[in-house]
Structures are given as C-alpha cells and as structure tokens.
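Visitor: Protein chains in written order, with our numbering: chain A, 1 to 168; chain B, 169 to 364; chain C, 365 to 560.
The hints are simulated quantities; they were obtained by calculation from the structure and are not laboratory data. Cβ atoms here follow ideal geometry from the backbone N, Cα and C, with glycine treated the same way. Incorrect hints may appear among the rest.
[Claimed, not checked] As a list, the in silico DSBU-like pairs of lysine-lysine whose alpha-carbon atoms are at most 35 angstroms apart:
#	chain 1	residue 1	chain 2	residue 2
1	C	Lys480	B	Lys340
2	C	Lys526	B	Lys340
3	A	Lys116	B	Lys300
[Said to hold, decoys possible] Partial pick of chain B residues on the chain C-facing surface, computed with a CB cut under 8 angstroms:
#	residue
4	Leu186
5	Met189
6	His195
7	Tyr196
8	Asp198
9	Phe236
10	Ser239
11	Thr243
12	Ser245
13	Thr308
[To be verified] Selected chain B positions facing chain A (Cβ under 8 angstroms, derived; list incomplete):
#	residue
14	Leu181
15	Gln266
16	Thr273
17	Gly274
18	Pro291
19	Asp295
20	Pro296
21	Lys341
What follows is the residue order along each chain.
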Amino acid sequence: MIVLIPLTLFETSYDSVRELLSGNDLWPKDVAAGETVRFGGSNWQFVSLKPVEVLKTASSLPSSSVPLTARFLVEIGNPDLQNLWLGCSIRLVDPVGRLWQPASIPGMPSVAEGIKSCGAAAFSGAQSGERMVIEESFLVPREVATEVRPTLGVGSERPSYLRFARPL
Amino acid sequence: MKRRFGNIIALCLAVALLYGMQHSKPHYMDLTGPIPVYGKMHETVRARLFNVTVDDVAFARELTVEGFGTSKTLTTSGVWVVVSAQLEATTASNVVAQASWVGPTGLQYDSSDRTGYVPGLPPHAIDPGLPKPARFVFETLPDQVSGATLILSNQLFPRLDSQVRIAIDRFKKFNDGQPLILDSFDIRRPMAVSGN
Amino acid sequence: MLSGVLKLGSKAIAWLTAGLGTVAALAVAIILGAFEATPDQQYPQYPNNETVDAGQWRIKPLSARITSKRAFGVSPKDGQRGVIFEAELTNLTARSSKDYYGVFHLPSLIDAQAEKPMIYMERDASLLPDLHPGMTEKMAYIWLVPANTAPSDTVELLVTAKTYKARDNLTGSPGWYNDHTAGIVRIPASTEAEEQ
Chain A
1 MIVLIPLTLF ETSYDSVREL LSGNDLWPKD VAAGETVRFG GSNWQFVSLK PVEVLKTASS
61 LPSSSVPLTA RFLVEIGNPD LQNLWLGCSI RLVDPVGRLW QPASIPGMPS VAEGIKSCGA
121 AAFSGAQSGE RMVIEESFLV PREVATEVRP TLGVGSERPS YLRFARPL
Chain B
169 MKRRFGNIIA LCLAVALLYG MQHSKPHYMD LTGPIPVYGK MHETVRARLF NVTVDDVAFA
229 RELTVEGFGT SKTLTTSGVW VVVSAQLEAT TASNVVAQAS WVGPTGLQYD SSDRTGYVPG
289 LPPHAIDPGL PKPARFVFET LPDQVSGATL ILSNQLFPRL DSQVRIAIDR FKKFNDGQPL
349 ILDSFDIRRP MAVSGN
Chain C
365 MLSGVLKLGS KAIAWLTAGL GTVAALAVAI ILGAFEATPD QQYPQYPNNE TVDAGQWRIK
425 PLSARITSKR AFGVSPKDGQ RGVIFEAELT NLTARSSKDY YGVFHLPSLI DAQAEKPMIY
485 MERDASLLPD LHPGMTEKMA YIWLVPANTA PSDTVELLVT AKTYKARDNL TGSPGWYNDH
545 TAGIVRIPAS TEAEEQ
C-alpha cells in the first residue's frame, strides 16, 4: 500500500503534469538588451518595440490604447521549425505581470515583404542559416506602453521562456 | 468456513459503504464544477480572468445584425434579449466565449448562434487594461424574463473556473412588471457607455 | 456436497470454473442476441400533424417531399434526390441544444447510402441552430439519397429518443442518455417533377 498509492498518484498525474509544463510559459530566462540567444534551435535577437502609426480613418481603437509592434531578428539554426516552434507565442508583459497577446489592429498598414508572424514563420520552410524578421502587433493601455517588454515561448523549450529587456 | 463468512460480510459492508457514499457525497461534476461569482447589474463583477459590468438589457421582437457587409433581420418565436456590457481582461488576454440567459426556473438559453459572425458579439477577445463594449444576444420566452440571471464564462463548460452570475432586475418595464418589448433592435446601435 | 467438490484436485476445479464461466458467457450472449434479433419490433406510429413527446423533443411531423431541385443550401447532384422532411420541434430539456440532429433517421437500408442530413430552421434558413427550451420551431431535414433508393410516395422515418437520468453513474451529472427508437413516422411524400 505504502508503495502502491504514491505510485498510482504519480502514474495518474504524470501526463497532466507533463502537459502543464509543456503547455505553459512558466520559468522566465531574462535576456539583456541587444543580446542574441539560442532558443528553439535558432538565434533570436529582440530589435525593437515601437508604436505603430495607424490610419487616421480608423477610429475604432479605444482612446486609452496604443498599438505597438515588436520586431525580432532570427537566424534559423535547426530548420525543423514546425516541431521546434510549435505553439510559438510572443506576448507583452508589464511590471506587474499582466500579459497581452497579439491583436489584429484595425487601420494598421500592411507589413513589408518578408516580415512574418511567428506562427507563419514556423510554416515558411525557412532553411538553416536564413535570416528573417519576425513581427507581432499588440494593443496595450497607454500608461504601460513604455514599460511592457516582450516574452517568447515555443513548444520545444517550455516550460522555460525568454523575457527580453527593452533596448535603451 | 468462518473466514469465508467474514469475507462475505466484508464484501457486503464495502458495497453498502460505497452505495451510501454514492448517494450522500457530492458528485464529481459538482466538485469540479464552475465556481460562481455573483453580482448585480451596473456594478463591476470580478471573475478570475475578466471583469464585467452589465449596463443595459433590452428586449425586442426583431433583431437586425450586420456581418461581412450584409445586414439581416432575424425574427423569433419568443423575444430577443440584447445585453450590453463592458468587458476587461484581468491578468492576461483571453476570450469570453460563453453566455447564457437563465430563466427563473433554471431553463438555460445559450447565446444565439443564428447571427453568424458579427463584430461586437461573442466570442469577445479582451485585453488587460482595455475595457471594451460587448454585446450578447439571446432568444427566450417572455415568461423567462422576470427573475432571470445572466451567466458568463471563458469556456463553454467551465470546470474549476469562475462563472459570473448576474441577477437581471433593472430593465424598462410596465407597471404590471411586464418588460417593454421593442419592435426591433439594431445591433449596430452604439452602446450607452456608463461610468467613463 | 460442498466438501465433495472441494476434494477434487485444484486443477479440476480450475477447469470446471473456466468451463462454467464460458457456458455462462455464451448463454448470456445468446439470450442478448436473441433479444436483439427479435424481428421488426413494432414501434408505435406517430400520427402526422399532431404533437407527441419523444424523449427530449416534442415533435409534430408536417410534410415530406422528394426533389431533384435545390432546397435551402442543398443541391442534389445527378442521380441524387433530396428527401425533405418538415417538422415542428420543441426542446423539452432545460438547455439550448442541437440534439435534434439525431432525432429522425431514414430506415437503415436507405440511410446507409444517404449523405448526412442538413437541417435548417425554416424561419431564416440558418443551418443547425441551437433550439432553446420551450421554443417551438419549424425545421427542415434534408437527406441526399441515390435516386433509385429514394422513397416514392411515403417517407418512413425512425424517431430516436433519449431518457432523462437525474445523474449518470460515472460523473453524477444530470442529462439525457440511452438512445432508443421510440416510434416511427410514415408521411405521404409529394414528388417534385424533374426539370429537363
């Protein structure tokens, strides 16, 4: 009994625990400004987080919000992106830990040729050694626009994730 | 022989105990069910992942909606309910997908899926710090209006997660308590923003 | 008697137990099979144009027609016919549901060759909308069948109903379980002439 009960508990909860660990960004690894980090088999560098100029005609944005675009420079290492970058999620986090997911922003100008979202990049068939620009756009409250910083999580690295410092 | 008799007794006891527990203890679905957060209209009700304020409830015979550039007018065998609210995420961006109108006797009217995709109707994607006007539409019967409760949650079947339950008591009504039912309600009508 | 049996070798007992077990299992299987195979159980025939309760739905069969033309969103291909059946449905459960999907079935011989039915609300031709508690709606079921198996003058449909259980044995949640054929609808069908 003493052996069997803990063993049963372990066995029944093992899958749930593994799913919890591999499905969530739990443990941050801080990345200094400008630093390039190997993550999910590729080299990631956080370039910028800037407000976006939206078309003036689009009045549907809440008045207290600011649209921001986060830009990363990635040099592909292991090209098996579909597996390594599975569930790729770039989010913004503020000093108290609130999280923003990418949003579709009405009136935003279309992105330049070759710039992809993380999810699209994972299925782009990029080869080893290729360099690409990855961008995601967000809508955040004005008061935290200068304080938020991006995080990056991919399936192959969870539960660890990257938390980038903003370039000065 | 004595030992065998003892075994039979033990077996019977076990059966009786399990049967008793099955009938007296809370069931699995009750134990792992939604965690209710009760609230009133016009006050901010706080769930785990979102805050909601219900500003207005209106009733109508017909509903006009617009999606993908075409507008359509929907009739009903009962009455349309249009709930106008403010939604805001608490700690992380998320989606409020499930809304139900629960009548005084517990009949549950899920938000209507006849509208198709229409901006401003669920599922509502919400972000922290950015309160957003949100509408919910239901079809129900006139006798399910008085004493109704609005139920909101992130997922269709919330388990071990908060479920907001807001008592619906303030709406335009006649002296006999019957609700004022408009001939038609246009969902494109801007929402009256309360508070800010 | 018992002691007599006990004197046999343990091997013999094992053989005997296994043998008895097999015989018992076979017997149960045969009896169950016999019940299953009872030819053409006489299901009650539901009258047309009258309401009747069939488990979780109150139904009222209205009309049937066979067509080669487009109806609602469904177009029969060459060599196909649309079997269109109209009925009034009322949700007798406590929650909005699309469970009417499995209520009417073509007899298995035709059903095996038919495409899955499409079901529309006649009010606005919305596909498979939720039907809400107590709210009666006229629905149209459309099956596409090979022309040579299409019924000619009478459409026969089996009505599947469920039984309410206050709690199911595994999770303790209330619900409607145990599909069974509750009755049969035989409704005269008009045939829409083929346009050449």
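Visitor: Against each hint, give a clear statement of whether it holds in the structure.
Guide: Here is how each hint holds up against the structure:
1. C:Lys480 to B:Lys340: violated, 45 angstroms
2. C:Lys526 to B:Lys340: violated, 40 angstroms
3. A:Lys116 to B:Lys300: Within the cut-off at roughly 28 angstroms; holds.
4. Leu186: This hint is violated: Leu186 of chain B lies away from chain C, its Cβ roughly 12 angstroms from the closest one there, beyond 8 angstroms.
5. Met189: violated, 11 angstroms
6. His195: With a minimum Cβ separation of about 2 angstroms from chain C (threshold 8 angstroms), the hint on His195 of chain B holds.
7. Tyr196: Since the shortest Cβ distance to chain C is 5 angstroms, the answer is holds.
8. Asp198: Holds, because the Cβ-Cβ distance from Asp198 of chain B to chain C comes to roughly 7 angstroms (cut-off 8 angstroms).
9. Phe236: Cβ of Phe236 of chain B sits 15 angstroms from chain C, so the hint is violated.
10. Ser239: violated, 13 angstroms
11. Thr243: holds, 6 angstroms
12. Ser245: holds, 5 angstroms
13. Thr308: At about 7 angstroms, which falls below the 8 angstroms cut-off, the nearest Cβ of chain C leaves the hint on Thr308 of chain B intact, so it holds.
14. Leu181: Violated: closest Cβ of chain A sits about 19 angstroms from Leu181 of chain B, beyond 8 angstroms.
15. Gln266: Given a least distance of 19 angstroms, the restraint on Gln266 of chain B is violated.
16. Thr273: Hint on Thr273 of chain B: violated, closest Cβ of chain A at ~38 angstroms, above 8 angstroms.
17. Gly274: violated, 33 angstroms
18. Pro291: This interface hint is violated because 14 angstroms lies over the 8 angstroms limit.
19. Asp295: Holds. Min distance 6 angstroms.
20. Pro296: For Pro296 of chain B, the interface hint holds, since the closest Cβ of chain A sits about 4 angstroms away, which is under 8 angstroms.
21. Lys341: violated, 33 angstroms
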